[in-house]
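Participant: Sequence:
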Amino acid sequence: MFGIKLPKKQNLKRYNTLFGVLTKYGFEDVMASSKAKKFIPKNYLAKHPETEKLLSISTFERIRMVLEELGPSYVKLGQILSNRDDMLPPGLIKELEKLQDQAPSMPNFEVEKIISAELDIDCSQYFLSIEPTALAAASLAQVHKAQLLNGNWVVLKIQRPNISEVIASDISIMKEVAMALEKYSAHIKAIQPLKLVESFEKSITEELSFLREMDNLEHFAKNFEGNDAIYVPKGYRELSTDQILCMDWVDAIKVSELEKLREQNIDSRAVAKVGVDLYLEQVLEHGFFHADPHPGNIFVLPEVQKICFIDFGMMGTIMPNDKESLMELLLCFLKKDVKKIIPILKKIALKTDIPDEKKLEYDLYELVEGISNTSIRNIKLGITLEQFKNVLYENKITIPHYLYILIRALVIIEGVGLKLDPEFNITDNLKPYMAKITRKRFGLKRLFQKNVNRFQDYNALLDKLPADINEIVDKIKDGKLVIVHEHKGLNDFRKTLKTAFNRLVYAVIIAALSIGSALLVMADMPPKISGIPLLGAIGFLLSAVIGLVILISIYRNKEY
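If you want the working numbering, it's the position in the sequence shown, counting the first as 1, plus 17.
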């Protein structure tokens, strides 16, 4: 139905698992929601406790269990969807939130043996103890608490065995399904499922490299040096590889644990403000931001009253020029200056193929007007960003990967703020940054730097100009100068000319056959049939057939 191609050989096993799990839970769900459940013998249920358990749980729990059973790739997708309150019912959101740090731990996992083999060390020379039971299990790895010889407590993040192969297979299947869905439905195509899968692939591939995560952790710590509002755990590079990450143990409370925060007399509204401020600082000042800021990755340290981010596997990076453009874009949105938004978008975009610039201007104006006509307390960033993405898609503007990550992350962080404070509005946090951006934009330092950069560009142009002119003159002298000139619509003209010429040729042939046949008939040339010269009759017949074919082709607009 969807036109899906036959799966690759290496994906057959995963396809089998996918369909098996969906069938299993789909069947159980039908049984649980129908009257047939009443007729299942009690003695059968007693012998099959797993079936009885499945029949007693809710549909939303089943969805979460399907994702868990399908493995890390689908768990990660579930984590992303757990922050989409605008799309999914509260009951399902509550279940998907359990995927953030409650993935099943690996059975028969020999921690010390794996650490010794991966780090090529004797664990007793580095650790006083390593807890065999997992402290937490995530979709890609599980975490074990350990104590170093110096007494410091650390956590060891250990990657699941063969996880890279499983994820590669899952992503391949996701791409095939996404492409099929895009062909099948224009509505689904508007959501750009293939781009979402590609973005997800890039993010999860980066997460699989723990040494890259160590680099991210150190970079993040350097950016926040001297900031008393945040705590960044220390990483131990000598005890880390691409499969194992060692960092300080953080004794803290998750931002989603509101009851525990109240028990410690911590104001959740203050946590929302400080946490989102720290996040906006990452985006607007550092240009290096946490790409997965869900509640399971943000903690509060009650003793020192600090915010702590963990899990630096997914990070977004904004280039300095793009960071300035993003700030200008934000200012233009607030000022409703649509005409300036378009050139900024073109500057940021990877590719623009805008069919109608006037339509783009109108779409952006409609979006901006919708924001300005809404009370600032009622503006939902997630909805606005989704509308903005739709405008970009409809007008064929392709934005960089980091912008997709940023849009998703901002939606997540807004959701975190709303959980901590139901009256939270991210625009309140943005106001100081807007004032700072405005001052920076018109500051003497920036204007001076801009003019210096402009002078350097002009100077570089003048330096290259003589050489470029000499090169052009040499090509003219050697007769090697080639000017490429494109005629738009030339192919259509050639096609029309070809059709007309073909029809003219056929007309000449018909005329020649008709005249020749008439001469043969007039000459009364044998052989004859019923007193009519045979060759003349054949000539007239061919003329009639060819003429009829040409008339039909003209009627049907065929190329004859």
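Think of the hints as simulated: they come from the structure by calculation, not from any bench.
From the three backbone atoms N, C-alpha and C, an ideal C-beta is built for every residue, glycine too.
There could be a bad hint or two in this list.
[Stated by the list, open to error] Mimicking BS3-like on lysine-lysine, the simulated pairs with C-alpha atoms at most 30 Å apart in a straight line are:
hint	residue 1	residue 2
1	K481	K212
2	K481	K363
3	K340	K436
4	K436	K448
5	K368	K340
6	K219	K413
7	K239	K481
8	K364	K212
9	K453	K323
10	K162	K323
11	K200	K111
12	K200	K375
13	K200	K115
14	K413	K290
15	K406	K453
16	K239	K219
17	K352	K323
18	K111	K271
19	K453	K352
20	K406	K200
21	K271	K290
22	K212	K356
23	K376	K413
24	K356	K497
25	K494	K515
26	K413	K363
27	K290	K251
28	K340	K162
29	K363	K251
[As the list claims (entries may be wrong)] Derived CB-CB ranges, DEER-like:
hint	residue 1	residue 2	range
30	T76	G168	32 to 42 Å
31	L228	G168	24 to 34 Å
32	S75	R456	49 to 59 Å
Participant: Within a Cα-Cα threshold of 30 Å, do K340 and K162 meet the stated pairing?
Facilitator: The given pair, whose Cα atoms are some 38 Å apart, is violated under the 30 Å limit.
Participant: K436 and K448 were given as a pair; does the straight-line alpha-carbon distance stay at or below 30 Å?
Facilitator: 21 Å, holds
Participant: For K162 and K323, compute the direct alpha-carbon distance and say whether it is at most 30 Å.
Facilitator: Answer holds: K162 to K323 is near 22 Å, not above 30 Å.
Participant: Keeping to a limit of 30 Å between CA atoms, is the pair of K200 and K111 held or broken?
Facilitator: 33 Å, violated
Participant: For the pair supplied as a hint, K481 and K363, confirm whether the alpha-carbon distance does not exceed 30 Å.
Facilitator: Satisfied, since the Cα-Cα distance of roughly 27 Å is no more than 30 Å.
Participant: Take a quick look at whether K481 and K212 sit within 30 Å of each other, Cα to Cα.
Facilitator: Violated. K481 to K212 sits at ~40 Å, over the 30 Å cutoff.
Participant: Confirm or reject the claim that T76 and G168 have a C-beta distance inside 32 to 42 Å.
Facilitator: 49 Å, violated
Participant: Does K239 pair with K219 here, judged by a C-alpha cut-off of 30 Å?
Facilitator: 25 Å, holds
Participant: Holds or violated: K239 with K481, Cα cutoff 30 Å?
Facilitator: 39 Å, violated
Participant: Given the hint that K363 pairs with K251, test it: the Cα-Cα distance must not exceed 30 Å.
Facilitator: Violated - the C-alpha atoms of K251 and K363 are around 40 Å apart, more than 30 Å.
Participant: Should the hint that S75 and R456 are 49 to 59 Å apart at their CB atoms be regarded as holding?
Facilitator: 53 Å, holds
Participant: Is the hinted pair K364 and K212 satisfied, with a Cα-Cα distance of at most 30 Å?
Facilitator: Holds - the C-alpha atoms of K212 and K364 are around 21 Å apart, at most 30 Å.
Checked against the numbered hints given earlier, the structure breaks hints 1, 7, 11, 13, 14, 17, 24, 25, 28, 29, 30 and satisfies all the rest.
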